[in-house]
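> Chain by chain, the residues run as shown.
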Amino acid sequence: MATMRVNAIARDDLQWRIVYKHDRCTMCGRCLASCPFGSITAGVEKRRKVISDHLTPQPKVLFQSVPVIRQVINHQDACRGCGICEKVCPNEAIAPMLNPHGRLAIKYRSATADGYKRGGRSNLNPTGSTLDKIVIGRISQMTDPSLDAQRHTFDMLSPLGRVLPPQGLGLELKDGKLITSRPMPPMNWMYPIIIGDMSIGALSTRMWEALAIATAYLNEEVGLPVRMCTGEGGVPGPLLRSRFVRYMILQIASGHFGWNRIVNNMAHMQDDPAGVLIKIGQGAKPGDGGMLQAKKVARHIQEIRGVPKADLLSPPNHQGLYSIEESVQKMFLSLNAAFKFRVPVAIKVAASVTSVSVYNNLLRDPYNIVGGFFIDGISGGTGAAQDISLDHTGHPIVSKLRDCYLAAVHQGKQGQIPLWAGGGMGQAGNLAADAFKMICLGANGIFTGKLMLQIAGCVGQDNGKCNACNTGLCPVGICTQNPVLVKRLDIDKVAENVVNYFIATDQELKKLMAPIGNSTLPVGRSDALITTDRAIADKLNIPYAC
Amino acid sequence: MCRIGAIKSTEYIHPSWALRLMRSQQKGHDNSGFAMVMQDLGGVFEGYKKYPILSMACTEQGMKIAEDMLYSIGFSRIGQWNPEIRPAAGLNIEPMPMYVFQLFHYPKHLRSASDREKEDLLMDTRIKLRRELEKTGDGFVYSFWPDTMTLKEIGDPTDIGTYFNLWEESKDFTAKVITAQCRQNTNYDIVRYAAHPFFLQGYTALANGENTFYEKNKHFQQGLNRGYIGFESDSQCFLYTLHYIHRELGWPLEYYKHTATPLPFDEIEKRADRDVLLRIRSSLAHLEINGPNTIIGVLPDGTMFTLCDSKKLRPVVVGRTDTMVAISSEVNGINEILPNRDWKQDIYPHERETVVINNDLEVLRWQQ
Numbered sequence: 001m002a003t004m005r006v007n008a009i010a011r012d013d014l015q016w017r018i019v020y021k022h023d024r025c026t027m028c029g030r031c032l033a034s035c036p037f038g039s040i041t042a043g044v045e046k047r048r049k050v051i052s053d054h055l056t057p058q059p060k061v062l063f064q065s066v067p068v069i070r071q072v073i074n075h076q077d078a079c080r081g082c083g084i085c086e087k088v089c090p091n092e093a094i095a096p097m098l099n100p101h102g103r104l105a106i107k108y109r110s111a112t113a114d115g116y117k118r119g120g121r122s123n124l125n126p127t128g129s130t131l132d133k134i135v136i137g138r139i140s141q142m143t144d145p146s147l148d149a150q151r152h153t154f155d156m157l158s159p160l161g162r163v164l165p166p167q168g169l170g171l172e173l174k175d176g177k178l179i180t181s182r183p184m185p186p187m188n189w190m191y192p193i194i195i196g197d198m199s200i201g202a203l204s205t206r207m208w209e210a211l212a213i214a215t216a217y218l219n220e221e222v223g224l225p226v227r228m229c230t231g232e233g234g235v236p237g238p239l240l241r242s243r244f245v246r247y248m249i250l251q252i253a254s255g256h257f258g259w260n261r262i263v264n265n266m267a268h269m270q271d272d273p274a275g276v277l278i279k280i281g282q283g284a285k286p287g288d289g290g291m292l293q294a295k296k297v298a299r300h301i302q303e304i305r306g307v308p309k310a311d312l313l314s315p316p317n318h319q320g321l322y323s324i325e326e327s328v329q330k331m332f333l334s335l336n337a338a339f340k341f342r343v344p345v346a347i348k349v350a351a352s353v354t355s356v357s358v359y360n361n362l363l364r365d366p367y368n369i370v371g372g373f374f375i376d377g378i379s380g381g382t383g384a385a386q387d388i389s390l391d392h393t394g395h396p397i398v399s400k401l402r403d404c405y406l407a408a409v410h411q412g413k414q415g416q417i418p419l420w421a422g423g424g425m426g427q428a429g430n431l432a433a434d435a436f437k438m439i440c441l442g443a444n445g446i447f448t449g450k451l452m453l454q455i456a457g458c459v460g461q462d463n464g465k466c467n468a469c470n471t472g473l474c475p476v477g478i479c480t481q482n483p484v485l486v487k488r489l490d491i492d493k494v495a496e497n498v499v500n501y502f503i504a505t506d507q508e509l510k511k512l513m514a515p516i517g518n519s520t521l522p523v524g525r526s527d528a529l530i531t532t533d534r535a536i537a538d539k540l541n542i543p544y545a546c
Numbered sequence: 547m548c549r550i551g552a553i554k555s556t557e558y559i560h561p562s563w564a565l566r567l568m569r570s571q572q573k574g575h576d577n578s579g580f581a582m583v584m585q586d587l588g589g590v591f592e593g594y595k596k597y598p599i600l601s602m603a604c605t606e607q608g609m610k611i612a613e614d615m616l617y618s619i620g621f622s623r624i625g626q627w628n629p630e631i632r633p634a635a636g637l638n639i640e641p642m643p644m645y646v647f648q649l650f651h652y653p654k655h656l657r658s659a660s661d662r663e664k665e666d667l668l669m670d671t672r673i674k675l676r677r678e679l680e681k682t683g684d685g686f687v688y689s690f691w692p693d694t695m696t697l698k699e700i701g702d703p704t705d706i707g708t709y710f711n712l713w714e715e716s717k718d719f720t721a722k723v724i725t726a727q728c729r730q731n732t733n734y735d736i737v738r739y740a741a742h743p744f745f746l747q748g749y750t751a752l753a754n755g756e757n758t759f760y761e762k763n764k765h766f767q768q769g770l771n772r773g774y775i776g777f778e779s780d781s782q783c784f785l786y787t788l789h790y791i792h793r794e795l796g797w798p799l800e801y802y803k804h805t806a807t808p809l810p811f812d813e814i815e816k817r818a819d820r821d822v823l824l825r826i827r828s829s830l831a832h833l834e835i836n837g838p839n840t841i842i843g844v845l846p847d848g849t850m851f852t853l854c855d856s857k858k859l860r861p862v863v864v865g866r867t868d869t870m871v872a873i874s875s876e877v878n879g880i881n882e883i884l885p886n887r888d889w890k891q892d893i894y895p896h897e898r899e900t901v902v903i904n905n906d907l908e909v910l911r912w913q914q
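Residue numbers (the working numbering), protein chains in the order written: chain C, 1 to 546; chain X, 547 to 914.
Hints are supplied without guarantee of correctness; some may be wrong.
[Said to hold, decoys possible] In silico negatives: residues of chain X with every beta carbon more than 12 Å from chain C:
hint, residue
1, Ser-578
2, Tyr-617
3, Pro-629
4, Arg-662
5, Asp-718
6, Gln-768
7, Gly-773
8, Glu-794
9, Ser-829
[Said to hold, decoys possible] Cut-off 30 Å, straight-line C-alpha distance, at most; resulting in silico cross-link-like pairs (DSSO-like, lysine-lysine):
hint, chain 1, residue 1, chain 2, residue 2
10, C, Lys-539, X, Lys-764
11, X, Lys-681, C, Lys-511
12, C, Lys-87, C, Lys-511
13, X, Lys-674, C, Lys-511
14, X, Lys-664, C, Lys-174
15, C, Lys-46, C, Lys-87
16, X, Lys-816, C, Lys-510
17, C, Lys-177, X, Lys-681
18, C, Lys-511, C, Lys-487
19, C, Lys-510, X, Lys-681
20, C, Lys-465, C, Lys-87
21, C, Lys-133, C, Lys-493
22, C, Lys-60, C, Lys-46
23, X, Lys-857, C, Lys-177
24, X, Lys-681, X, Lys-610
25, X, Lys-858, C, Lys-177
26, C, Lys-21, C, Lys-295
27, X, Lys-816, X, Lys-890
28, X, Lys-654, C, Lys-177
29, X, Lys-857, C, Lys-413
30, X, Lys-816, X, Lys-573
31, C, Lys-539, C, Lys-413
32, X, Lys-573, X, Lys-596
33, X, Lys-674, X, Lys-717
34, X, Lys-573, X, Lys-664
35, X, Lys-816, C, Lys-174
36, X, Lys-764, X, Lys-681
37, C, Lys-309, C, Lys-133
38, C, Lys-177, X, Lys-664
39, X, Lys-654, X, Lys-664
40, C, Lys-413, X, Lys-610
Bear in mind the hints are in silico, worked out from the structure with no lab data behind them.
The C-beta atom is built at its ideal place from N, Cα and C for all residues, glycine as well.
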């Protein structure tokens with residue numbers, strides 16, 4: 001009797017099973033060559049086969065050694081179900097299949113005494129999304145004619161920058177006209193959808209570059225003033241010194257990665273960036289900070305960030321900032337000063353039950369120097385987060401956005417610090433619908449990151465498919481610095497897809513503004529929304545319909 | 547759809563002019579009511595221009611509540627005028643028992659106070675009266691302001707005219723500025739307060755259209771001024787924005803258009819005053835109006851104006867003679883009262899225009 005070690009990881013424990021059809025396989029090796037995780041390997045099996053080569057049946061047993069493709073069974077190299085093997089196989093001989101009985105996460109923790117890590121979440125499985133339970137119910141009819149999405153002009157820009165109340169604008173009358181009598185906080189107007197902050201490092205350089213190219217193209221050729229947030233981790237010098245920097249929102253987070261490169265380039269910048277975003281927290285793994293593993297810190301990343309090849313873990317908090325007031329004085333003021341008060345400085349926090357307190361504090365800031373409040377919900381984020389953080393920390397974004405907006409309404413300060421919200425935007429694949437609903441609920445605009453990855457060709461989804469952003473082995477070259485894998489990504493195609501998606505989104509946004517009869521953004525027009533869910537209606541203070 | 551109209555005249559005119567202006571547009575409204583505000587009054591009120599007039603519809607009990615309150619504040623009544631009520635069988639009208647147009651002297655301790663103090667007292671008093679009368683449903687206070695009278699009624703405008711004897715011209719009851727609307731509120735139940743024109747501290751506004759930004763307008767306005775109350779009609783927001791821009795902020799009238807229907811960004815960018823316009827657009831985004839509407843407004847100094855939404859989805863026309871300017875939703879209203887005018891001078895304001903009639907009856911066309 002063979003020795004049986006029941007505690008070892010077994011095929012049945014894996015989340016994904018490789019289904020291999022020996023009779024279809026021609027042993028071309030493409031699957032082996034393309035699997036980034038090393039989850040399959042070539043081997044030889046002894047096969048017993050009964051054959052008959054006579055006119056009448058004369059069975060005989062044949063033993064053969066045949067080459068086969070096998071699944072590797074260990075917790076490090078477990079199949080992620082990305083399906084690249086299936087994509088490259090010319091004969092439909094191999095494919096991963098979800099194992100409903102898998103228990104890899106348990107085995108992983110048992111074996112490594114470490115949290116089970118997985119990367120992104122899906123944008124493909126929107127089950128239970130609040131936004132999908134809201135529809136636009138106020139349709140203009142006779143008294144307030146709907147507009148024609150194709151023919152009418154629409155005016156869709158959102159502010160980034162501190163908005164002062166009219167008495168604070170310092171306007172003076174001169175010869176019957178208002179004139180500005182003193183400097184005011186900087187303000188930039190931009191498309192209400194920002195490409196969210198994903199760092200050069202988390203993304204492959206090619207992916208990041210593709211987004212930057214798409215952003216520039218959208219601005220200069222399409223006429224959509226879309227801005228892109230750089231994420232923490234620096235910006236290539238040539239971009240900083242180019243005019244394209246005007247489309248970028250530079251991010252500084254707790255690790256300050258790449259910030260010295262930005263500072264060193266300031267003297268050579270020919271244009272101002274669109275904004276500066278101070279990241280306090282993110283939605284997907286609040287409290288974790290950044291988690292760039294050493295394996296993704298390639299040479300060019302080391303150069304951009306100014307760091308050695310090591311795990312780059314941003315602290316979850318900004319060392320030295322212990323109160324909102326202090327933050328305002330220290331960081332916001334210094335960043336405002338760095339750009340000579342010409343560039344709006346905004347803050348990004350993870351959505352939390354305390355977000356409203358932070359927002360209230362900023363709204364009451366007597367210095368008026370915080371130019372935007374970005375809140376990031378639980379469904380946001382890419383990267384190398386642990387399972388426990390992804391699945392069990394964070395706050396849904398929709399109600400938190402609404403809470404913040406209504407808190408501002410309560411004080412009569414709505415709009416004074418523009419609200420931008422993200423985290424699962426476009427989860428159902430339709431960014432325009434989500435943006436529109438969030439704007440009606442009080443957002444000035446939204447930001448989206450993960451959807452951009454899906455557009456680029458990310459194969460991951462919620463059922464544990466791929467989710468290998470943390471491994472540095474992204475099979476499609478989006479979240480890796482591995483030169484072989486990165487080359488799988490076609491920069492021009494990604495940029496084209498992103499541009500096309502935004503053009504479609506812009507059309508769709510107009511298609512939603514037209515039926516409610518609005519040619520400008522309906523910020524706070526929650527009367528345009530209805531929901532068939534009583535609880536959502538009550539929580540968001542929007543009409544209930546059934 | 548609402549029909550609105552306004553007349554500004556160098557001579558005192560009787561409300562029958564406003565009734566005729568509006569009745570000719572009968573097919574455009576539902577005959578559910580008639581309301582008007584008269585300013586720069588003639589007739590019996592001509593000699594009392596500095597004294598506030600209370601315009602109210604109420605029960606006897608309401609009258610008593612109001613009188614007690616006014617006297618307790620220190621107001622003393624110095625005169626009154628009652629419309630000559632002519633009830634008749636078959637009139638389609640839902641009248642209140644009493645219609646009050648009373649003239650008051652300011653409380654003694656405020657007689658030498660600043661205009662601003664007096665104006666605030668009048669507003670606060672009206673709100674207090676309204677709140678008190680709302681408790682029992684004993685009355686509706688439409689205005690409490692010098693040289694201003696307001697009448698709002700439910701029913702067929704022709705019958706309302708008959709009931710109040712408004713068809714018969716009389717020199718006792720005249721004004722140089724009359725704004726009127728023939729319709730009751732349709733957004734919700736019929737509510738007398740919801741009938742245009744709306745009035746606050748010398749500012750009058752009436753509108754034909756739909757304020758699709760009503761909710762955001764309202765949310766913002768509620769915190770701006772204690773006088774911004776009611777919101778029975780989405781069009782009340784237009785009045786409050788006018789009041790806020792012109793009186794509270796002290797901005798010239800042209801910035802009302804810049805606030806309510808801002809220029810598109812690409813046009814703002816080309817302007818010399820782009821900084822100011824962009825700041826207004828950001829700061830007062832919640833006062834924007836983005837739906838089909840035409841607004842007629844009157845400022846405390848008697849200046850009258852009209853403007854449209856940025857898509858011009860509601861019509862308005864301005865016609866004039868040497869002594870009178872009329873603004874109307876439909877040109878047939880103006881044809882009715884000014885049949886001999888030079889119709890080639892009629893103005894159909896476009897979506898970026900504010901047409902202003904000053905006290906010399908000059909008609910100015912401001913381009914946004």
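> For each hint given before, does the structure comply? Return the numbers of the non-compliant ones in rising order.
6, 8, 9, 11, 12, 13, 17, 18, 19, 21, 26, 27, 28, 30, 32, 33, 34, 37, 40
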